[in-house]
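Number of protein chains: 2
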Amino acid sequence: MEMMPFWEKLFILLFIYNGRYTNYSMEQSDLIVRRIKDGTVIDHINEGKGLKVLEALDIDGRRGNVITIALNMPSGKLKKKDMIKVEGRFLEDDDTNKLAVIAPSSTVNIIKNYKVVEKRHVSLPNQIERIFRCSNPDCITNSQEHIESTMEVINKEQLVLKCRYCGRILDVNDLRYQKKD
Amino acid sequence: MEMMPFWEKLFILLFIYNGRYTNYSMEQSDLIVRRIKDGTVIDHINEGKGLKVLEALDIDGRRGNVITIALNMPSGKLKKKDMIKVEGRFLEDDDTNKLAVIAPSSTVNIIKNYKVVEKRHVSLPNQIERIFRCSNPDCITNSQEHIESTMEVINKEQLVLKCRYCGRILDVNDLRYQKKD
Chain A
3 MEMMPFWEKL
13 FILLFIYNGR
23 YTNYSMEQSD
33 LIVRRIKDGT
43 VIDHINEGKG
53 LKVLEALDID
63 GRRGNVITIA
73 LNMPSGKLKK
83 KDMIKVEGRF
93 LEDDDTNKLA
103 VIAPSSTVNI
113 IKNYKVVEKR
123 HVSLPNQIER
133 IFRCSNPDCI
143 TNSQEHIEST
153 MEVINKEQLV
163 LKCRYCGRIL
173 DVNDLRYQKK
183 D
Chain B
3 MEMMPFWEKL
13 FILLFIYNGR
23 YTNYSMEQSD
33 LIVRRIKDGT
43 VIDHINEGKG
53 LKVLEALDID
63 GRRGNVITIA
73 LNMPSGKLKK
83 KDMIKVEGRF
93 LEDDDTNKLA
103 VIAPSSTVNI
113 IKNYKVVEKR
123 HVSLPNQIER
133 IFRCSNPDCI
143 TNSQEHIEST
153 MEVINKEQLV
163 LKCRYCGRIL
173 DVNDLRYQKK
183 D
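Those protein sequences? They're chains A and B, same order as listed. Just remember that this note's numbering sits 2 ahead of the position in the first sequence, which is counted from 1. Just remember that this note's numbering sits 2 ahead of the position in the second sequence, which is counted from 1.
Isolated chain A, as found in the complex:
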């Protein structure tokens, strides 16, 4: 049996507590820690697509909720990823479909009470209604007729979207979104 004096135990206890809090507070100006209580984490966003995802999901901070974004984080040995965390917002189906086009490798984690309660991989459906605007100004979906757009996914690997009404092939790097009413 070894003997440990009281002061040595005290030192260890102080070290434990110091370790727990120091990780957060040391040089606080260059450490962001953001665990969200309720909201959505979009992880494994394809490299370089983080800000496009923000734009697609209409995330700009104006609603006041806490948002954390990381770009070019290391992911595995050779790759990078972007990540977005949005407190107080849960992604809807339309959002997930947009992600499937812009950042097909993404995963969506729904967080409730600090715990991951749902994990979703985004996947491309066969057709996407309503979300994207046809780039053809003469398309009937851009007229006054109030016809919602329908984009057919004619090639999932190549990410080719085609307007069902006028046949226009969309440029996936220049997608436009229907304004919400």
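Any given hint might turn out to be false.
Copies of one chain are not kept apart here, so a pair can be met inside one copy or by any two copies together.
[Stated by the list, open to error] For lysine-lysine, the following DSS-like pairs were computed, each having C-alpha atoms within a straight-line distance of at most 25 Å:
{"id": "1", "residue 1": "K39", "residue 2": "K11"}
{"id": "2", "residue 1": "K79", "residue 2": "K51"}
{"id": "3", "residue 1": "K81", "residue 2": "K54"}
{"id": "4", "residue 1": "K158", "residue 2": "K121"}
{"id": "5", "residue 1": "K51", "residue 2": "K158"}
{"id": "6", "residue 1": "K39", "residue 2": "K79"}
{"id": "7", "residue 1": "K39", "residue 2": "K114"}
{"id": "8", "residue 1": "K121", "residue 2": "K51"}
{"id": "9", "residue 1": "K121", "residue 2": "K54"}
{"id": "10", "residue 1": "K51", "residue 2": "K81"}
{"id": "11", "residue 1": "K51", "residue 2": "K164"}
{"id": "12", "residue 1": "K158", "residue 2": "K11"}
{"id": "13", "residue 1": "K39", "residue 2": "K164"}
{"id": "14", "residue 1": "K164", "residue 2": "K11"}
No lab work stands behind these hints, which were simulated from the structure alone.
Based on these hints, arrange chain B on the given structure of chain A.
Using the frame of chain A, we list chain B on its own:
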């Protein structure tokens, strides 16, 4: 003197290490920790201005460096702030002047080897050369004459910028930047 058996010491040691790593790795999917080694931290960005600062400083992740952005973080009792951290980039004077217009409360921390080596408050100079584009399409600074713009700061509190050549008052919510050659 108190006696502490070996297993009790081992338990404490394991607790220490678990504490140090668990803070980072527990529920990893919803924790971003980003301490930068060398780069810039822009702190106390006025609420809602974070994405405008990204745009002004041409930060979009395309250069591949790690960028962390936090929007609507609590700052003091009643306020919020945005924060941006850019690894591997040090803000230049032109950048600091842009910040002074867009987010006048910002502070800039230059980080080297994980330590804050310089703290700057952004401040509005009396005139800003070259950075902003005059919104008057007929202004001589927008012609072929290659005359650089000069914006006079005629009111620092109200943030009023006036083109020295044509007298146009700029809309600070719709600033345009000179393209870099």
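| Quick check: which numbered hints come out false for this structure? | 1, 12, 13, 14
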